[in-house]
Each structure stands twice: as structure tokens, then as C-alpha cells.
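Heads up, the sequence shown is in the working numbering, so the first residue is 451 and it goes up one at a time.
Hint data in this document are derived by calculation from the structure and do not stem from the laboratory.
Worth double-checking, as some hints may not be accurate.
[Claimed, not checked] In silico DSBU-like pairs for lysine-lysine, Cα to Cα no more than 35 Å straight-line:
| # | residue 1 | residue 2 |
| --- | --- | --- |
| 1 | 774 | 534 |
| 2 | 532 | 552 |
| 3 | 552 | 534 |
| 4 | 532 | 774 |
This one's a predicted model, so the numbers in the text were calculated from it and none came from an experiment.
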Amino acid sequence: LPLSPLSLSSLSSVLEWVPVHMRTVFGTGAGYCYTIGQLLLAGVAYLIRDWRWLTLAVSVPFYISFLYSWWVLESARWLVLKGKTEAAVRNLRLVARLNGRKDEGDRIDSEVLQAAMQKELSVSRKSSSALDLLRTPGMRRITVCLSFAWFSTSFAYYGLSLDLPRFGVSLYLMQVIFGAVDIPAKLLATAAMSALGRRATQSGALVLAGLTVLANLLVPSELQVLRTCLAVLGKGCLAASFMCCFLYAGELFPTVIRQSGIGWMSMVARVGSMVSPVVLLLGEFLPWLSGVVYGVAPIISGVIAAFLPETLGTALPDTIQDVKER
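Sequences are here, hints too, so could you generate the full structure?
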């Protein structure tokens, strides 16, 4: 239960602290950490076969994170919008000092900060809630389109993972292969997001993932190597889509409801992961049916994602009004 808010709050904090030109690199950094963890998990699970001890072993990093999390700075944007200007000034001065710009940091005070965010402060005085995700046409479009992308990515991702026994490869080896393919996939996605934009990358990754899943249905079961390669390619595309989902959602939702928006997307993704095993059971009636569903879902979502606004090189929106004016 705590894993979701931990990852979501980390993403929001990163996006709200780094400058626009570094947002892609830092915003996707967590995705590579996930890949490293996936690779390590294969080795740890191979050495520790008892699930109780395995659960304890993989929980150790969270205790370490808990200890240092008390020194993580709160977002200055969020502090200002919540009326805690003095705390925001202290954090900004500390960051300026760490970046070797102490003189610039000393020039920041409450008046300067409030003047710089006067428009955002006037709008943020209205209370915000999760209902704001659907309150305006622009927010409805963002919420609905992103919901399809998150659901389908999680749905197909876990569908491929649950279907591993059909490939006739060791579960531990397949875990390593699936983890290893994430690295080049995410590197390509990071480059694509910087060169082509978030929208094209998100849409393209989903469509390509769906096509590889459908193509796998046409390959005879005797050609296990080709089937495994297609599955690995599909998994890489879905991993790239997942990484783009997190960064894209963080850039689309305004600061006042960013946490609520990303939290909603995480819930939609969890629904996708829960539905995925049920769809796998369709294979007992028609062997090809579950594969068709796993392939069609991301293709449809990829087309829908093409209707999202582009965020490459744009400032983070602080209020719903900023989203309207984008």
C-alpha cells in the first residue's frame, strides 16, 4: 500500500525542483532504478527461495529510505501555494547555496517569491479537490486520455509477465532478460521524449507494444526463440510507456492537484494489473483471445494518447488556469 504514494511523491518532488531543460533526464531517473531493482530481484529470488525471507530481504531498502527521507526538502512550489512562504524561501536559499549560487539565493525573500507567483497564488486560494480532474474540458481530456494510457500499459505489462511459463524459459532467466531489455528501451524512450516530444513517444510506445503482442500470435509455437524475442520487444515498449506515463502525467497536471492526478493514474494502473490475470483465463476457451485483448488495448490507448497536449520544453502548470491557457 505505501509503495504507490512513495513513488508518486518522489516524482512530484523531482519535477517541481529541476529546471525545464533537465526534466526529462531527472524525471526518468526513477525508471532506471526500477530496472536495476528488477535485475537484482532475479538474483535475490534465486538465492532465497522461501517467500517469507524473500519478502523480508526486499523490504530492507525501504527502511534505509525512511531514515534519509526526513532530510528531503519539500517542494517550494507547493509550500508557496499552501501559504508557507517562509519555508519555501529557506528551501530555495539552501538549494541555491548547494548549487554555488549563494548570492542569488540571498536575494530571495517572501515579497519576491509572492510577486513572482502572484497569479498562481490568487487562483490557488480556491480549494482544490480530486473533482478538479474532471471540472474543465482541458482537465477532462488530460485525465481520460492518460487513464487509458496508464490502464493499458499496466494491463499488457502484467499480462506478458503472467504469460512467461508459455515461453519455456527459466522464470529467473526470463526475469533477467525482461529487466535487461528495459535499459535500452528506456534509453531510447528518454532520447525520443527529448527529440520527438512526450506525446509521440507515449503514443508510439503503446502502439508498437500492441503490434508486437499481436504479431506473436501469428508465430508458430515451435519458433520459441522468435516468440521470446517478440515478447521481450513488447515488454521493452511497455517499460518505455510506463516511464513516459509518469513523466507525462507529472508535467500535465497542475501543482495544486498534481499529487491527486498522479494518484488517480496509479489507481487506474492497479486496476489494469488486477484485470490482467482474469483476461488470461480467456485462453482456456480460445487460445488466441487473451493475446488479442492484450494487443488491442495498448493500440487503442496509443491512438487516444495522440490527443494529449505536448509538454516538451514547457513550464510546469501551477493552477488549472495555467492548463486552460496552455
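We went through each hint and held it up to the structure:
no., hint, result
1, 774 with 534, "holds (26 Å)"
2, 532 with 552, "holds (25 Å)"
3, 552 with 534, "holds (22 Å)"
4, 532 with 774, "holds (21 Å)"
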